[in-house]
Every structure is written in C-alpha cells, then in structure tokens.
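Could you slot chain B onto chain A? The hints should help.
Heads up: the protein sequence lines correspond to chains A and B, in order.
In terms of our numbering, the first sequence is numbered consecutively and its last residue is 382.
In terms of our numbering, the second sequence is numbered consecutively and its last residue is 949.
None of these hints come from the bench; they were simulated from the model.
Just so it is clear, CB atoms sit at the ideal spot from N, CA and C, and this is done for glycine as well.
A couple of the hints might just be wrong.
Just a few of them, taken from the derived set where beta-carbon distance is under 10 Å, the chain B residues facing chain A [as the list claims (entries may be wrong)]:
# : residue
1 : Ala336
2 : Val367
3 : Thr655
4 : Tyr856
Interface residues of chain B toward chain A, partial, derived using beta-carbon atoms under 7 Å [what the hints assert, rightly or not]:
# : residue
5 : Ala359
6 : Leu362
7 : Arg369
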Amino acid sequence: MKGTGLALPRSRIGVSRWRRFRAAVDWPLILTILALAAIGLLNLYSATRGTRHHAKFDTQVQWMVVGLIAFVISTVVDYRAVVRLAWIGLGAAIFMLVVVRLLGDGAHGKGSYRWLNVFGMGIQPSELAKLMVILALARMFQDGELSRYSIEQLVPRLGALVVPIALIAVQPDLGTAVLLGLIVLSVGFLAMPSVWPVVHVTLAGLLAIPILWETMHDYQKNRILAFIDPSSDPTGNGWHTRQSIFAVGSGKIWGKGYGEGTQNQFDFLPEHWTDFPYSVWAEEWGFLGSVFLLAIFGFLLIWILNVALSARDRAGAVICIGVAAMTFWHVLINVAMVLGLAPVVGVTLPFISYGGSSLVIFFCAMGLVANVSLRKYGY
Amino acid sequence: MLLRSQTGPSSGNGPALPELHRRLKWVALVGVVALLVLAGRLWQLQVMRGEGYYERTVSNVVKERYLPSVRGKILDRKGVPLADNRPAFNLYVTPKQWKPEIRAELARLLGLSDDELAKIDERLDIGRKRDPKQPIVVLEDQGRDRASLVEQALARLPGVEVHYEPYRYYPQGDLAAHLVGYMSQMTSEEAEKLTNKGYHTSELVGRYGLEAAWENYLRGKKGIERYAVDARGQRLDDQTAATLIQGERVSGAIPGANLVLTIDAELQRLAERAVGSQTAAAVVVVEPNTGKLRAVVSKPSFDPNIMTGHLTRQEETMLKSDPRKPFVDKALRMTYPPGSVFKFVTALAALTDGQAAEDESVTCHGAYELSGTTFKCNATHGKLDLLGAIQKSCNIYFWQLAERIGLDRIADVARLYGFGTPTNLGLNGDAGGRIPTKAWYEQLGHYKVGFATNAATGQGDVEVSVLQMAMAYVALANGGTLYVPQVVERVEGHDGRPIVSYEPKVAREIKMPAAALDIWRRGMWKVTNEPGGTAYDHGYVSIVPVMGKTGTAEIRTKRRKKDDDERAIEGYAPTRSHAWFAGWAPAEDPAFVIVVFVEHGGSGGRVAWPIAKQIIEGYFGKLEKRGNP
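Pulled out of the complex, with its shape left as it was, chain A reads as follows:
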C-alpha cells in the first residue's frame, strides 16, 4: 500500500480504477472490524445458546449484514460531501430526539423515551446523534473555519452541539449523554488551538454534578449508590455488578472455555448480551482472552488515530478523532462497568454488544474512517 506513493503517480496511469481502489482501501481497518464483529457473534452465540433468547443470534447476524452495507456506503460516498451536509444531519438527529420524546415507546426502559419504532424496528435516535455530532464537529473544524467564526456565529453552533446532549439526558439516558459530552470534549481537546476552553467547560461540568444529582430519577441514583457500595443492595442494583464481577473473576487466567460460562448460562446476569457481553467473554476466555480483546480495541484506536494523522484535511482528521473518541469511551465505560469500576449505565461494547442501532452506527463510523483513509491519496 505504501508503495502507492503519491495520489496518482505517472507510473500508475493506465492501471484500472478497480485495482487502484483496491490498493487504496484500508484493509487493516476492515480486518480489525471484521475480527471484532466475529468475536461479537461468537460471544453472543455462547451467551444465548440453549436459552429462550437463542433467536437473538439470528437477529444479530441480520444486523451484521445491514451494518456491512452501511459500512460500504459510508466508505464510498465522499466524506467531504457528507461533512457539507453535517448541520442538516445534526438537525435531523435533533428532530428525531424530539420525536422520540413525544412519540417514542416509553415502555422500553423504565419509563424513559429512547426507542423509535420505524417499520417495525426499534431505532435509538441517541445512537444516530453521536454520529451526527461528530460530523458537525468536523464541519466546525473544517480548514480554518473555527478561527473565522465570530462569537455570534460560534454560540449557535456550540448550542447545536449541546441541544442533543440535553435531549438525551432528559430521556433520561444519562450514560449516552455523558458519553456524547465526552466525545465533544475529547475532540475539542485534540483539535482546538488552545485547550483552556475545554478545561473550563470540563470543570464547569464537574461543578454541575450536585445539581444533576438532584434532578436524577431514583433508579439512577440507586444505581450509582449501588456502584459505590454494592453490598448495600445485594439483590437489587448491586446484583448486576456483583454477578458480573463473579463471572469475570471466575474465568481466572485461562477461562472456563467457550460455552462453559455458567454465570451467563444460568441467567445470573440479566441482559448480559447487551450490557455485559464482556463479562461473558471474560468468564469463558479468562485473563488472556480479556486482555486480547482489549488489545484489539487498542489496535483499532491506534489505527484510527493513524488515519487522523495522515488525513488530507482537518475535517477528515476530526472525523477520525471523533470516531476514535466514541470508540474509546464506549469501550472504557462498558468494560469499567463490567469490572465494577463504573456504575451500570446502558453503554454498549462496540461490535460485541447485541443490538442493531449500536452495531450499525459503529459500522457507519468505521466506514467514515475508511472513507478518510481512502481519500488521503486524493482518490
């Protein structure tokens, strides 16, 4: 690949479009994603096999196909065209968040409004919002634009980024709201000429925690309290964390072996296929397998940053940073939660967790990275 050199060296004229395209495609990125998706399916199969949830495996395979198609589309369509439409996209995401607030299915998660029913499929607008916020950030940071904005121009744009976070927070889906905030702060930290505004916003956010606490629902407070002291409520909110820790710990160094994880097989871990797949993995594959999976995520992150470094423009680089941040925080929060280091919040493990929205959004996000990677050669 490296041998391709400049975008269109003279020697390459006459080489077919397809061969040039093939040479420019970011194969390591694709293979890493496919490896993660395969691990996800493998793990889901073990977690649901022989239970009444076994149909979830088939559903997930179907979502994989949808995700791969989404990946191809978001790789092929030039990201610069996409970034031009970023504000419209963000507007659409905000619109959907408002719609879900008004029409969404409140029965899904403890009276919160997260799901939108589209053609019989449950869609989570908050997942889409993550992608749109990243694209909007790319639009803002596009070559030099940030410094050109006057205060009057900057404020509504920043506002447009805060609105979806606020809408998600009131769903209420605190986990996703915090995650989105972390993505914005991460991008700001890595792309702003000066880091001080980001530091100030972060400090302000920390100071707002007591106010947030007052506005939280009881079940949210209980989850956080249970995290601080799991033994305070061993059969309620502490249950998930305790059982997850037991499952992870019982894997020891080598794991119990594929399909032998008794903690997940006997429903000790409710909903383990969505929020706790890492626990299932850790129980069956042990310390080595657990670290191996983290290493794959680590490699993926380094690779995405690598693409960011070599991107041909600021927008492309910011997209990569955003996707890297999104992936990083998802993995960190989810795994920390499984290991009892973070409260139980609904944050998925990319490509591993069961669930269509998360899967498709991550495929799209990786597609954008591949897109940036593809076009660094001026393709």
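Structure of chain B alone, referenced to chain A:
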C-alpha cells in the same frame, strides 16, 4: 512508533491537524492509563482473586426442592387417629453424580437385589433426561435400618441424599375405611389443573371418603427450598447460596388441619366385628339428639394403607372385579329396598289421616288379593291388631292400610322423613334413593294399584340408603327432628387451635301426632321384647331396653349373570333377600339409633337383629363395666 511512522501523503504542506500531533503524548498517556487500569483490574479479579470467585460461582445453579406439607390427621371423637403420618425414608440420587463405584457401594451397603438396582437405574435414566443435576427418588419408603446405614456412609456416597418425608398412614388399618377414604396419585388431566393450585405432580391427592371431600383442609401448603449446586450437582453451603439466589431461599411447608370426627372408633370397631361374619353389610349408628354419626360401616372394605399410592395394577383389578363392590359405600352410596323397616311410613300416614286405629283388627290368611294379583304374606298370622301387625311384621295389615290411603300419601310421609333426597352429608356419593309416586309411574306409563301395595311394605320401586333409614329412625326416636347427618365435629390446626366447629344441622321438624308416634313405638317395643316379635324370637337384650323393627326385603330375582357363578364368593347369594334392622337403645331416652343392613343376608330377624344385638350389648356392656350406665 506506529503513530509517527506515517505522515500523510498530502502533508507536503504540513499536517492537516497540527494540534493533534502536538497532543499525541496526552493521547498516549490517557490510552496507556486506561489500558493499565482495566488490565490491572482484570489481573486483580481473574488472577489474584480468580480462585475465590471461581469457587463461589463455577457452575452455580439454583435448584428447587419441594418440601411436602404434613397432611392433617383424621381423628375420632376422642382423638384416636384414623389417618396419620409417618416419616418415610426416601433415598435421592443426583443423576450427574451417579458413578459405577457409588452404585457398587450402595448395593453392597444395602444388599440391593438385581431387581432393585435395575429399578434404580431406570429411574436415574428418566431423571437424567429431565435434569441431570436435580436429585430424584430412587428408593422410596425405606426402613429405618437402611436409612441409617446410608446416612452413616454419606461421605462416601456423593450425590446420595436421605430425606424424611411424611407419608400417609392409617394406623387402624381398614377401620372405617369407606369413611376415611384413601389417597392416590393424580392423573395427568388432574396434574394440569392441580399444579395451578400449588400441587406438586408427585403429590398424592385425596381420592375417596373424607380424604377426598375434605382435601382442602387436610392438605396444607407445600414449601419450597431453593439451593445452589455446583457443576457436578453437589450442594453448596448456604453462604454461597445466599450470594446466588435472589429472595427467600426456604419457604416452609404449612401443615394441614386435623379433622375431628363424631365417630367413636371403639364403637366403630365393635360394629365392624359384629358384621365380621357377613360378606356384605352396612351399619350406621347415630346420636338421636344431634344427628352425629357414631359409627358408619360398609363391608366389604379395603385397607387404605394399601390403596394409598402403591397399589399394583393386579391388586386393583382384583378389587374392582369383586361382585360385592368393595369400593362402593354401602351405607351412603348404595340404595336398597327397605322392606318392613319402612312400614312406619305407611302406619304414620294412615294414623294421621284417621285411616287406621290401634284397636282395629285384621285377619291374615297368608295371602291378599288385589285386582287379580295375589300378594303373599310371610306367614299366616290370623287375627291381629296394629301393634301385633308391627310385632309380627304382617304385610296384609299394611296392604289394607295402603289400599285406603294410596301411594302418594305413603310417598308424602316418606319424603317428610328424608327419603328420596340425599341427606347432605356430602360424602361418597350420598344417594337420594327413590320414592315412587303415582305421577312417576304415569310418566313411565304403567301405574297399577299394586304399586301402592308394594310401597307400603318397602318393596317394589322403593329404594333407600342405609344412612337415610338411620336418619329417619333418629327422627322417630327424638319425636320428629330430621337432622342432616354430621361426621366432622370440628376442624383444628395441627397445633390443636380450633378452626371451625360444626353444630348439629336440622333438615326439618316433622309434625307428627304424638299419639301416632307412640303407637308405632309401642309396636317396636313388642318386636324386640315380646314373644312372637320378629326380633325377640332370635334373641333378647337384657342389659338395656331396646326397641326396633326388622325388615326382610325381597329381591326381584331377574338377573343372574353368567359370570356371577365364576366369581362366586362363599356366603354371598345375590338372589337372597336383604336383611334389615332399625332401632334404638335405651328404649326411653335413647343414646343411639342403630341401623343394620346385610346385603342378601336373608331374614332381618334372624340375620340383622343379632348383629345389632351384639353391637348394643357390646357398647352398653362396656359402659356398665365402667360404672356409667
């Protein structure tokens, strides 16, 4: 480093995002810290504490064991248990832990036969398919010796458990078997219905008698024990179980309520001994001032210990093909022609209507002509008055009365005394019997005057149950109160605390002229106390004044099935008359009313009366000995 190895081809004019290049060290720092934290935590959980967590969680599975409730006892009026429970030692094995060594050890320990071992293997095969970690019963109801042998060797027998479970037990054997009843396994249709009501499919349900009718009070409520087992099905300690099982682990069984009966076990035994030589019979003894049943015998009967649970198919067929019908309650369920014990109905009807008088005399020539049909009396009695007709049980006297008052008057009085409708005891079928009327015959399309003649002496289409007859004689004894028979005195908790007490229930007060009743009673007195009385000629009770009436109900000798001969039972002649006796003692201020019925026994005076006499003498003789006349 990988991150620095490449600079974009378009970076001829510098990197697209120089800020990122400047802050890469921060990115690296955050990334490394995050990885170290997660990997460190994994190290802590999986490597440092892994063994502990493994011990606590590996293959933990929640299992449920149902704790059988102790079924309520059935006690006689003095607390003698008729139905009780005993601990049965059941041997459980977890299929997954069953190994040839354990099998051999168990066989050696208990000296198991090949048959027993084959049965154990078979049960384990079934259990393994269902759930290899769920212990199942392999040896049921073992002796104390075997149980303690296994208990001492439990350490060498992983996966083997001994549980003490209450089994139904009838300490008096077949005493009052029809009343007490028995239990049996539920059918598959029942299983579906009953499991919704909290039954376990392995539980027995009351099938007959009080066991069936009072099931809801007797059964109590089963408990559940939830526990954790490891991968091999070995039970884990409670502390570990607590971390794995949400909610209550043991909800204890609630024992059932005890039934205290009105039955007197001693009297019951006396009555059963008295009919011992008969092949098929029934006895009912009732308290005349309350309607409480003191003894209810139906013979032949069965041993409920055999019936409950473990009856083989062969035994069952044998019992069910017996022509004497050991499973039909002859006191409550079956109805028979009553014969002359029914004559009080005709007498009272005629006396109240002014169609009979005590001093009216009739001459019995041994036969009676009515519209071309000849009815035969049991003897040629010559000239006798009403008392004499009762004493000698002359049919012709009563046929004449019947001709005067008609069938429907007989039916009226019979219904007044409770015939023709169930007694509402609510047990074993509790038959209503049949009291024919003119309308009933007309519906069938063939009323004849002779039907009244038959009914007057309790023949023809009149059918009553032994219990109905007893309740009618109770009303005669107490002056006119027809009671609903009562068999359960009270229900009490297993600890003796009262739950429900039942008071005597009156079905109706019968308005009968005292003079008419008095005439009938004086007739009854003559039956048992004066020469020529149908009972007196076959024995006389001297220790207590008794009065009563005998009956010999003829059978319509229509059916004599071919296979009757094949299954013939010695002493059981299906063509012979039914023998009846109904009466009470002491004559004034009666303590109990007794009705004895012997199916195809022959003459009431010769067969039924001596049985009643034996019961009366046994009962009052014992009272006398205790100095309590």
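Quiz item: Measuring from the C-beta of leucine 362 of chain B to each C-beta in chain A, is the shortest one below 7 Å?
Solution: holds (5 Å)
Quiz prompt | Satisfaction of the alanine 359 of chain B interface hint, Cβ to chain A closer than 7 Å | solution = holds (6 Å)
Self-check item: threonine 655 of chain B as an interface hint toward chain A, with CB separation required under 10 Å
Solution: Not OK, violated: threonine 655 of chain B not within 10 Å of chain A, min 57 Å.
Quiz item: Is the interface hint for tyrosine 856 of chain B satisfied, with its Cβ closer than 10 Å to some Cβ of chain A?
Solution: violated (81 Å)
Exercise. Go through the hint on alanine 336 of chain B and say holds or violated, using the shortest Cβ distance to chain A against 10 Å.
Key: holds (5 Å)
Quiz item: When the nearest CB of chain A is found for valine 367 of chain B, is that gap smaller than 10 Å?
Solution: holds (6 Å)
Quiz item: Against chain A, with CB atoms and a cut of 7 Å, does the hint on arginine 369 of chain B hold up?
Solution: It holds, given that the least Cβ distance between arginine 369 of chain B and chain A is near 5 Å, below 7 Å.
In the structure shown, a violation is registered for the earlier hints numbered 3, 4, in ascending order.
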